[in-house]
Structure formats: C-alpha cells, structure tokens
Amino acid sequence: MSLPFTIARTHLVSKPKQTIVAMLGVTFGIGMFIAMVSLMTGLNDMTEELAMTSSPDIRIYHDITADRPSILEHVNPQGINLVYHTKPKNESQKVRNALKIAEMIRKNPDVWGVSPQLTSQVFYNYGPVQLNGTIAGVDILEEDRLFDIKAKMKEGRIENLIVNPDGIIMGKGLARKLNAKTGDRVVITTPQGFTMTLKIVGLFQMGVGTIDNVKSYANISMVQNILQRDKSYLTDINIKLKDFHRAKAMAPQLQKTFGYKSEDWETANATMLLGVIIRNILTYSVSITLLIVAGFGIYNILNMTIMNKMKDIAILKAMGFSGSDVRKIFMIQSLIIGLIGSIAGLAVGFLLSLLIVRAPFDGGDVISIDHLPVNFEAKYYIVGIVFGVATTAIAGYMPSRKAAKVDPIEILRG
Amino acid sequence: MQVLKAHKVSKYFYEPEKFKVLKEIDLSVNKGEFLSLVGKSGCGKSTLLYVLSTMDTDYEGELEIAGQRLTGSDQNQLSKFRNAHIGFVFQFHYLLPEFTVLQNVMIPALKLAKYTLREIEARAYEKLTMLGVQEQALKPSNKLSGGQQQRVAIARALINDPDIIMGDEPTGNLDSYNTHVVFEIFNELAQRYKQTIIAVTHDEEFAKKSDRIIEMSDGKIVS
Ligand SMILES: Nc1ncnc2c1ncn2[C@@H]1O[C@H](COP(=O)(O)OP(=O)(O)OP(=O)(O)O)[C@@H](O)[C@H]1O
Ligand SMILES: [Mg+2]
Numbered sequence: 001m002s003l004p005f006t007i008a009r010t011h012l013v014s015k016p017k018q019t020i021v022a023m024l025g026v027t028f029g030i031g032m033f034i035a036m037v038s039l040m041t042g043l044n045d046m047t048e049e050l051a052m053t054s055s056p057d058i059r060i061y062h063d064i065t066a067d068r069p070s071i072l073e074h075v076n077p078q079g080i081n082l083v084y085h086t087k088p089k090n091e092s093q094k095v096r097n098a099l100k101i102a103e104m105i106r107k108n109p110d111v112w113g114v115s116p117q118l119t120s121q122v123f124y125n126y127g128p129v130q131l132n133g134t135i136a137g138v139d140i141l142e143e144d145r146l147f148d149i150k151a152k153m154k155e156g157r158i159e160n161l162i163v164n165p166d167g168i169i170m171g172k173g174l175a176r177k178l179n180a181k182t183g184d185r186v187v188i189t190t191p192q193g194f195t196m197t198l199k200i201v202g203l204f205q206m207g208v209g210t211i212d213n214v215k216s217y218a219n220i221s222m223v224q225n226i227l228q229r230d231k232s233y234l235t236d237i238n239i240k241l242k243d244f245h246r247a248k249a250m251a252p253q254l255q256k257t258f259g260y261k262s263e264d265w266e267t268a269n270a271t272m273l274l275g276v277i278i279r280n281i282l283t284y285s286v287s288i289t290l291l292i293v294a295g296f297g298i299y300n301i302l303n304m305t306i307m308n309k310m311k312d313i314a315i316l317k318a319m320g321f322s323g324s325d326v327r328k329i330f331m332i333q334s335l336i337i338g339l340i341g342s343i344a345g346l347a348v349g350f351l352l353s354l355l356i357v358r359a360p361f362d363g364g365d366v367i368s369i370d371h372l373p374v375n376f377e378a379k380y381y382i383v384g385i386v387f388g389v390a391t392t393a394i395a396g397y398m399p400s401r402k403a404a405k406v407d408p409i410e411i412l413r414g
Numbered sequence: 001m002q003v004l005k006a007h008k009v010s011k012y013f014y015e016p017e018k019f020k021v022l023k024e025i026d027l028s029v030n031k032g033e034f035l036s037l038v039g040k041s042g043c044g045k046s047t048l049l050y051v052l053s054t055m056d057t058d059y060e061g062e063l064e065i066a067g068q069r070l071t072g073s074d075q076n077q078l079s080k081f082r083n084a085h086i087g088f089v090f091q092f093h094y095l096l097p098e099f100t101v102l103q104n105v106m107i108p109a110l111k112l113a114k115y116t117l118r119e120i121e122a123r124a125y126e127k128l129t130m131l132g133v134q135e136q137a138l139k140p141s142n143k144l145s146g147g148q149q150q151r152v153a154i155a156r157a158l159i160n161d162p163d164i165i166m167g168d169e170p171t172g173n174l175d176s177y178n179t180h181v182v183f184e185i186f187n188e189l190a191q192r193y194k195q196t197i198i199a200v201t202h203d204e205e206f207a208k209k210s211d212r213i214i215e216m217s218d219g220k221i222v223s
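Chains as they are written, first to last, in the working numbering: chain S, 1 to 414; chain P, 1 to 223.
Hints should not be assumed to be uniformly reliable.
Mimicking BS3-like on lysine-lysine, the simulated pairs with C-alpha atoms at most 30 Å apart in a straight line are [to be verified]:
| no. | chain 1 | residue 1 | chain 2 | residue 2 |
| --- | --- | --- | --- | --- |
| 1 | S | K94 | P | K114 |
| 2 | S | K405 | P | K80 |
| 3 | P | K139 | S | K17 |
| 4 | S | K89 | S | K231 |
| 5 | S | K261 | S | K107 |
| 6 | S | K17 | P | K18 |
| 7 | S | K177 | P | K31 |
| 8 | S | K100 | S | K256 |
| 9 | P | K31 | S | K405 |
| 10 | P | K40 | S | K311 |
| 11 | P | K139 | S | K311 |
| 12 | P | K80 | P | K31 |
| 13 | P | K143 | S | K311 |
| 14 | P | K8 | P | K80 |
| 15 | S | K261 | S | K89 |
| 16 | S | K242 | S | K256 |
| 17 | S | K402 | P | K80 |
| 18 | S | K150 | S | K94 |
| 19 | P | K20 | S | K311 |
| 20 | P | K143 | S | K17 |
Hints are computed from structural coordinates only; laboratory data are not their basis. It should be emphasised that the depicted structure is a prediction, and the values quoted were computed from it without experimental measurement.
Could you build the full structure based on these sequences and the hints that come with them?
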C-alpha cells in the first residue's frame, strides 16, 4: 500500500465522525439520485410502452379536417380573400387502394408488419346500458403481429374471431362497464343508425384505459357490413417498424409517396411524451443539486482538515514529501469519502427502489398497474458512482492543491 | 571532509519593507561536527537554518551539501534530497498525532523506500532503542511527555542516516534535565557515529559544550 494512501487512511480513521458526515452527504445525494432515476425512467419506459401499445409506429389515414383552400384562392390568387365559416367537405374517410398501399409498404425491409383496417365510432348496447366506443375491423392475425394481442387476451383466443364472422373481441374495461361476459351478445349502433348484434368471443386488456374501456376488434368484412360500405372501404393503415425510432423519419416519406396523412407514434402521443422530458429534467436537476451540496460539504470538511493539519503538512514537507505527495494524501481522502459514500448511496438507492416497487399503487381506470414501475438497470448505478466520485474529486481538488502549496517555513518557524 | 558549504548567501525580506536579513554568509561545516548557531533574537539564525535546510530557496549565493550543488534545483529534487540527506528536529516536537511512535519514525524511511517494510521497522526500533524510548514504540505519539517526544523526533530525524541533522532550538521547549539528555544524544551522535549536527540555540551551556559555536549578529557571522 502506498504511503500517501496509508497516511490518508489514518487521517480518515482518526476522525471517524467527520469522515462519516462527509460520506453521508455523498450517500444521500447518490441514494436519492438512484431512487429518483429508477422511478422516473421506470415511468418513462412505461409511458413509452403505453404510447407504443395505444398507437402503431406509423398510422396512415385520410385526414378530412386538413385545411382546404377556398376556391377563391384559385380564381384570385393575388387578392385578399376573406371567406367566413368554411365548413369541411362531405368527404369519405376512405383510404383508396389501401390494400395495394399496404402491399407496397410491406416490401420495405424496415417494416415489421402492416395492418390495413377500418375503424368507426359506435354505440354499444347491452340491455339498458348504452356506451360510446369504437370498433376496428381488422385482420386479427396482422393486428396481432403489430400489437401482440395474443399476449393481451384475458379470455378467449384471437382465432375465435376468424371462425366467428359475427364475433368481436372486446376491451376488458368496456365489457365490465357493459356488465357483459364472453359469449354474450351486444348490439352495436353506428352513427348512421344501423344496428347489428355481435357475439363476444374474447376479452383483451392492453393496460391503457383509453383503449380497454372503448375499443373492440371485429372482422373487416363485418365492420364494412355494419357501416354499409363496400369491400374496398378501409380507413387506416397501421404500420409497425423493426426499429420504432425510425418512425419519425419514415412517416413524412410515406405521406409524400401515398398522399395520405401519415402520423408517427411520437406525434400521436406528444402530450404523453412531454412528461418524459419533464421527468428527466426533474431527476437530473434534483440529483445534481444534492450532489453539489454534498460536494460543498466535502470541500468544507477537507478545508477544515487541512487547516488543522498545517503543522503536519509542514513536517511532512520538511521530511521530504513533495507538494504532489501532499496533494495525493488529501485527494485520496476525498476519493475514499466519495467512493465509500457513493457505494453506500447505491445501496440506499437500491433499497429505496425496492421499497417503491413493493408499495401498492392503484393505476385506477387509466392504466392497469398495481405498483409503480421501477427501473433496475445497472447503467444508472454506474452513472451514480461516476457522478459521486467525480463530485468528490472536484470538491477535493481545491483544498488538496492548497495543501500542496503550504510553505513549511512559515509554519515551522513558529 | 566538508559536508556543507554556503558561499555568499544573502537573503531579503520584502515585507513590510525591503530588508536584508542575511548578508553574504560564508560557512563550511565538516563531517562529524556538532555546531551551535547562536545570536540575539532576530539576528537571522532561523532564516539561515531554513536556507541551509533547502526548504527556503529564495536566496542569493550558493549552497552545497554532501558534494551536491543545491542552488537552483527544483522543489521536487529538493524534497527528495531532504528526505535522504537531512534530518530535522524542531522546538515543538511536531510528531504526527494520529500515528504511533513507531509509525512516526518509519514514515521518512517509507518515503525513501530504500529498505523493505521489515527492515524499516527493525531500523526504527534500533533508533528508538538508541534514544531509550523503545518501550513507547506502540503508543500514540501524543501520549508521550515532551522530553520523550523530542527523543522520538530525533529518532525520526536519524532514520534515513542523514548527512546532517538540523535543529531550530531543539531544546527550547525542554526542562534542564531533558535539555541535558538531548545534548548527550547529539554529542554521542557526533562523536560515535560521525553525524553532523547544526543546532540553533539560546542556551549558552548547550552551546559552550558543543564542538563549535557560530555567532551571528544582524545577518552576519561574527565569530
Ligand atoms: N517572513 C518574514 N517576513 C519578513 N520578515 C521576517 C520574516 N521572518 C523573519 N523576519 C525577520 O527577519 C529577521 C530574522 O528572523 P529570524 O527568525 O531568522 O530570527 P532568529 O535569529 O531566528 O530569532 P529568534 O532567536 O527569536 O528565533 C527578524 O528581524 C524578523 O523580524
Ligand atoms: Mg528563530
């Protein structure tokens, strides 16, 4: 063991209270950082996953609310045209040649799955209960490829839909509100006033209230039938990519190629994902504040130690220790404080994370979770220890340099 | 054989005003000499000693110890040199309070790293025995009496077998009995072990009994 290390260790051990207080500062800072970052990134991951479950990577649809220039603009392009109360045209939501478009997109090597479908607002009637919701006419096997519906089935199997042309797979929350069970028949009313009786052949649960409480799946032809539309009527093309991070770049290309609005999942869930940014800012600002406070603590304690040790420093220098030997002695002290403090901080953070994950938490109707999501990734523990040691190194550097510069004559002369 | 040579050493202080503390001092010391440096308070004894010790580098003139010219060397070289060639004893005993007596004595040798840990420990015991404080070896250094502490400090100064031992009033804080003990130790070191000793002192008895007295006055050596 090197001499500066031995001396540093002896200094620390001979003042246990002071050493422990300095370490606790770091422990607290790192512990809070780990606990916060674990919970916050857990929430972030969950949010992202929810965003991914509730929307495809890219959705192509016919946006009938898009701005339509008034015909006056064509006739009189230079003039000032004022048209009040323009109303949307009575346009169909149909995406023309949807199947062909889907076929073309499927050929792209980045694409994992494509599910052309049609969706509509409907009323669900079961006995006296009438609920507002949506129905999606899908090829259930394609949809499963996109959203892994098999894993989310609570009752029944997705294949039931293929063998039952008049079957529907209903969101679990919706079924509960209707008080309906698998095997029950519900009546569906479209906005145009058509009704149809369908049989519940399965229940799914995505874990998000906005889907589970309103949505059902049925066969494409059945939904076309309810809506009284022809066999080519499809309103959406949902796409899943092999790498969802590419969605933002790919969506505009698709929009340009096919002329239909194409929306990536980040845009569709912008408000949800804003929370991610806010949580990150919060985590890092709180942790950095705590660490700075701990850093000042170490700075103070080391400064005090050096003040008290002026004579020792002078004698060491008289005996032949160089400035850098002296600096080492004090840098090692602050690094030991930082290292042990940080390791203890990781342990505290881990225990706090365990506590958080054990505590029951009811997500209510919005998300189906029974405890808060906590991330136990090793990455954050590495960041924590690097943060802790770096802070103490910076805090220890200035006092150590001061110690290195002590002029022994001033002190020994008495 | 000359172990230390100072040639035309001058030094200025600039605070509060420019003032020449040491005035062209010439001094040479032979190996095995026990030398006392005396003079009125404020005449520059300590200042000269710190120049000779290599700790103070802000001077004019030349300094040579153990055949090595030290004027103009950088701080790192000088601290290495001090570690191997110079031992210090001060008025206040200045042991490191967190360490045991034995550790205090061992530290300069650990720094020098010329011997193994075992050898260093054996040598430290040897020096402590020579100074009659071997029973105290494992005590914390601040649990010793003043006289005992000063003997430990001398053992520490001796551990690397330095060419010169320097002391700024090494007995200044001791009673007459302990002053006598320290004098006897220095004397024996010089006589028997051919150690060179330069001690600043205000004690006339002490000075008279030493081999050679250098008297300073107003920054100059007068005899
Ligand atoms: N750091 C300094 N700055 C300015 N002047 C100093 C400084 N140190 C010492 N002096 C002055 O230099 C002169 C010599 O001081 P020095 O300490 O060498 O005296 P000394 O002979 O050791 O005295 P004493 O016997 O009292 O210890 C004194 O006049 C003192 O006031
Ligand atoms: Mg003096």
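- Query: Given the proposed pairing of K139 of chain P with K311 of chain S, does the C-alpha separation stay at or below 30 Å?
  - Reply: 20 Å, holds
- For the pair supplied as a hint, K20 of chain P and K311 of chain S, confirm whether the alpha-carbon distance does not exceed 30 Å. 27 Å, holds
- Are K80 of chain P and K31 of chain P close enough, with their CA atoms no more than 30 Å apart? The given pair, whose Cα atoms are some 21 Å apart, holds under the 30 Å limit.
- Query: Taking only the CA atoms, is the gap from K31 of chain P to K405 of chain S under or equal to 30 Å?
  - Reply: 33 Å, violated
- Message: Need the status of pair K139 of chain P, K17 of chain S: alpha-carbon distance at most 30 Å?
- Response: OK: K139 of chain P and K17 of chain S at ~22 Å, within 30 Å.
- K405 of chain S paired with K80 of chain P [C-alpha distance capped at 30 Å]: 17 Å, holds
- Item | Restraint check for K89 of chain S with K231 of chain S, where alpha carbons must lie at most 30 Å apart | Measuring from Cα to Cα gives roughly 23 Å; hence the hint holds.
- Straight-line Cα separation of K143 of chain P and K17 of chain S no greater than 30 Å? 21 Å, holds
- Given hint K80 of chain P paired with K402 of chain S - CA-CA distance at most 30 Å: Holds - the C-alpha atoms of K80 of chain P and K402 of chain S are around 21 Å apart, at most 30 Å.
- Message: Tell me if the straight-line CA distance from K8 of chain P to K80 of chain P falls inside 30 Å.
- Response: Distance of about 25 Å is within 30 Å: holds.
- Sort out whether K114 of chain P lies within 30 Å of K94 of chain S, counting only the CA atoms. 90 Å, violated
- For the pair supplied as a hint, K150 of chain S and K94 of chain S, confirm whether the alpha-carbon distance does not exceed 30 Å. 28 Å, holds
Of the numbered hints stated above, those contradicted by the structure are hints 1, 6, 7, 9, listed in ascending order.
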